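Asks: Here's the letter readout for the chains.
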Amino acid sequence: MPMARIGLFDVVGPIMVGPSSSHTAGAVRLGLATRRILGKDVTKAQVTLHGSFAATYWGHRTDVALIAGLLGMAMDDERIPHALEIAEEAGLEYTFEHGDLGDVHPNSVRIQAEGSEDKVVIAGASVGGGRINIFEVNGFDVGVDGTYTTLMTMHRDEPGVIAEVTKVLAIHGINIAFLDVSRKTRGSKALLLAETDDLIPDLALQHVMRIPGVIVVRILPRF
Amino acid sequence: MDITSASQLLELCTERDQDLAQVVAEYEAFRSNTSCEEVRKQMRETLKVMRAAVENGIQDKGERTHIITGYGHLFNEASREGRVLGGSLFHNVILYALAVGQYNAGLGRIVACPTAGACGVVPGAMLAVAEEVGSSDEELIEALLVMGGVGIVSASQGPISGAEAGCQSECGVASAMAAGAIVHLMGGSGEQVFGAASLALQSHLGLVCDPLASLVEVPCVTRNATSATTAVVAANMALAGIPGVIPYDETVVAMKQIGKAMPESLRETSMGGLAASPTGKRLYKEMREKYRL
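Heads up: the protein sequence lines correspond to chains A and B, in order. Here the first sequence stands for residues 0 to 222, where the numbers follow numbering that gives the first Met the number 0. Here the second sequence stands for residues 0 to 292, where the numbers follow numbering that gives the first Met the number 0.
A hint or two may mislead.
To give a feel for the contact side, a few chain A residues facing chain B, derived at Cβ under 8 Å [claimed, not checked]: (1) Gly58; (2) Arg60; (3) Glu77; (4) Thr94.
Every beta carbon over 12 Å from chain A, so not counted as near; a handful from chain B, in silico [said to hold, decoys possible]: (5) Leu9; (6) Thr13; (7) Gly81; (8) Ala104; (9) Glu131; (10) Gly133; (11) Ala162; (12) Ala275.
Here are the in silico distance ranges between beta carbons for each label pair [stated by the list, open to error]: (13) Asn32/B <-> Val120/A: 32 to 42 Å; (14) Lys43/A <-> Asn32/B: 31 to 41 Å; (15) Lys47/B <-> Ser115/A: 20 to 30 Å; (16) Gly81/B <-> His81/A: 16 to 26 Å; (17) Leu83/A <-> Glu249/B: 31 to 41 Å; (18) Glu288/B <-> Glu157/A: 50 to 60 Å.
The hints are simulated quantities; they were obtained by calculation from the structure and are not laboratory data. Only a predicted model underlies this, so the values are computations on that prediction, with no experimental measurement involved. Glycine residues also receive a C-beta, built at the ideal position from the N, C-alpha and C atoms.
Turn these sequences into a full structure, and let the hints guide you.
Replies: So, in structure tokens, the structure goes:
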């Protein structure tokens with residue numbers, strides 16, 4: 000991806016709950032992205048904090064921020080300070096541990112989140128000023144930063160699935176800005192991420208869901 | 000249309016025969032595919048959040064902070080009772096910056112500008128100056144656009160994070176952004192805007208990030224106040240015709256180089272500087288015991 004121009008509200012913003020844009024606001028967004036990829040309320044979360052996240056999480060309330068995001072709060076939600084109490088009321092169980100995620104950004108985290116039916120594992124980093132990068136979803140290497148409306152599919156790795164997905168988007172007049180496809184082994188499950196310039200209507204989502212071979216579809220709104 | 004340096008931004012102003020605020024508004028409208036009107040509207044919302052943070056921060060008595068205890072509230076009392084030096088401008092710059100810094104440390108809602116750790120600098124300096132000279136909100140919004148323009152050229156050429164380049168890249172850049180904007184508010188030229196920004200940043204070069212106990216409290220919150228006053232001092236010097244001598248773009252590059260030369264212990268790791276002082280270590284130990292870390 001070419002280096003994006005610095006935006007006015009990147010430096011005059013974001014509007015957020017303190018105290019740290021990378022350790023608090025970015026952490027809220029990583030939690031929120033996880034919830035959106037799961038597509039449901041999170042009932043159980045195992046969080047592994049890496050590097051600087053592990054070192055300063057208490058002072059910068061990274062734990063509270065991640066839980067707030069998992070509960071669906073945005074980074075300027077004034078309920079963030081109370082996230083742990085709200086999690087208890089909502090029945091969200093969580094654990095935090097420190098761990099080495101390898102050669103990744105110092106502010107990285109791995110979150111294993113469970114809902115009523117599904118489970119996802121994501122790894123991502125808070126890269127400064129509240130900006131994030133999700134670099135792993137269910138073991139697939141990806142690169143999502145939440146600045147585009149993104150369509151995500153898990154599908155069988157077979158000919159024509161990707162073509163069908165992009166065709167549906169085209170029919171709905173949706174332009175793809177970036178397309179990222181990956182798989183683990185040939186013929187197994189694959190993951191597609193299409194970052195788009197336009198909003199993706201529910202109808203398009205339903206069309207994608209009907210494509211043979213597609214197993215899971217999610218829309219991640221810009222955030 | 001692209002803005003990556005102060006010199007380029009000033010050239011755009013000349014080419015288009017527009018002032019800094021308008022060029023910044025058009026850049027952002029182009030970049031995010033919207034209108035200048037929308038950009039100004041969003042800036043008005045931003046201003047609202049800044050003002051609310053000042054008000055809330057003055058009320059904040061430190062319920063959610065660990066080392067500091069309602070610094071905005073303390074200063075407000077002292078100012079009202081006439082126990083501190085200076086006139087209303089000096090008082091308010093310090094008061095507003097402390098209040099927002101305190102509120103941020105206590106998990107309040109703020110505008111990161113350019114970062115959360117430095118979020119008190121711009122509201123401290125700019126809101127106090129705007130009150131002092133009786134600016135309208137419209138004039139203040141134009142100045143906030145210029146402030147953002149200084150931020151854009153800074154972030155395009157240097158790091159904006161204590162972990163990368165120390166506090167010079169957070170409070171230092173915030174002070175430069177505010178200084179430039181104040182000059183614009185006072186009717187100074189584009190060259191004077193970046194002269195003031197350069198003077199403000201020059202006064203922060205070498206400043207490390209060494210917070211106690213990995214909290215955004217000491218020395219962060221009081222430093223927001225000193226960086227805000229530095230912005231006003233730098234703006235005043237520029238308005239008097241004192242040049243920055245080193246162009247702003249070169250000052251940002253110097254800041255970046257100094258950041259690279261800084262050891263990791265002084266870049267937001269709470270392992271060196273004040274954090275490693277006997278008192279810093281004692282406070283950290285107390286926190287660990289109190290919160291069973």
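Asks: Hints first: check each against the structure and report whether it holds.
Replies: Structure-based check of all given hints:
At about 4 Å, the closest approach between the beta carbon of Gly58/A and any beta carbon in chain B falls short of 8 Å, and the interface hint on this residue holds. Because the beta carbon of Arg60/A sits about 6 Å from the nearest beta carbon in chain B, less than 8 Å, this interface hint is met. For Glu77/A, the interface hint holds, the least distance from its beta-carbon to any beta-carbon of chain B being 6 Å, beneath 8 Å. Among the interface hints, the one on Thr94/A is violated; its C-beta lies about 16 Å from the nearest C-beta in chain B, farther than the 8 Å criterion.
For Leu9/B, the requirement that its beta carbon stay farther than 12 Å from each beta carbon of chain A is met, with the minimum near 17 Å. Interface exclusion of Thr13/B from chain A stands, the closest Cβ pair being 21 Å apart, more than 12 Å. With a least CB separation of 31 Å from chain A, Gly81/B remains clear of the 12 Å interface cut-off, as annotated. Consistency note on Ala104/B: stated as away from chain A, yet its beta-carbon is not over 12 Å from all of that chain's, at 5 Å minimum.
For Glu131/B, the condition that its CB be more than 12 Å from all CB atoms of chain A holds, with the nearest at approximately 22 Å. The Cβ of Gly133/B lies farther than 12 Å from every Cβ of chain A, with a closest approach of about 23 Å, so its non-interface assignment holds. Taking the minimum C-beta to C-beta distance to chain A, about 7 Å, the non-interface status of Ala162/B is violated against the 12 Å cut. Once the 12 Å rule is applied to beta carbons, Ala275/B is consistent with being away from chain A; the minimum gap is 14 Å.
Taken as a hint, the range 32 to 42 Å holds for the pair Asn32/B and Val120/A, whose Cβ atoms sit roughly 34 Å apart. A C-beta distance of roughly 40 Å is found between Lys43/A and Asn32/B, which places it inside the suggested range of 31 to 41 Å. Evaluation of the 20 to 30 Å hint for Lys47/B and Ser115/A yields a failure: the beta carbon distance comes to about 39 Å. The beta-carbon spacing between Gly81/B and His81/A, approximately 39 Å, falls outside the hinted interval of 16 to 26 Å.
About 47 Å separates the C-beta atoms of Leu83/A and Glu249/B, a value inconsistent with the hinted range of 31 to 41 Å. Between Glu288/B and Glu157/A the Cβ separation comes to about 58 Å, which falls inside the hinted range of 50 to 60 Å.
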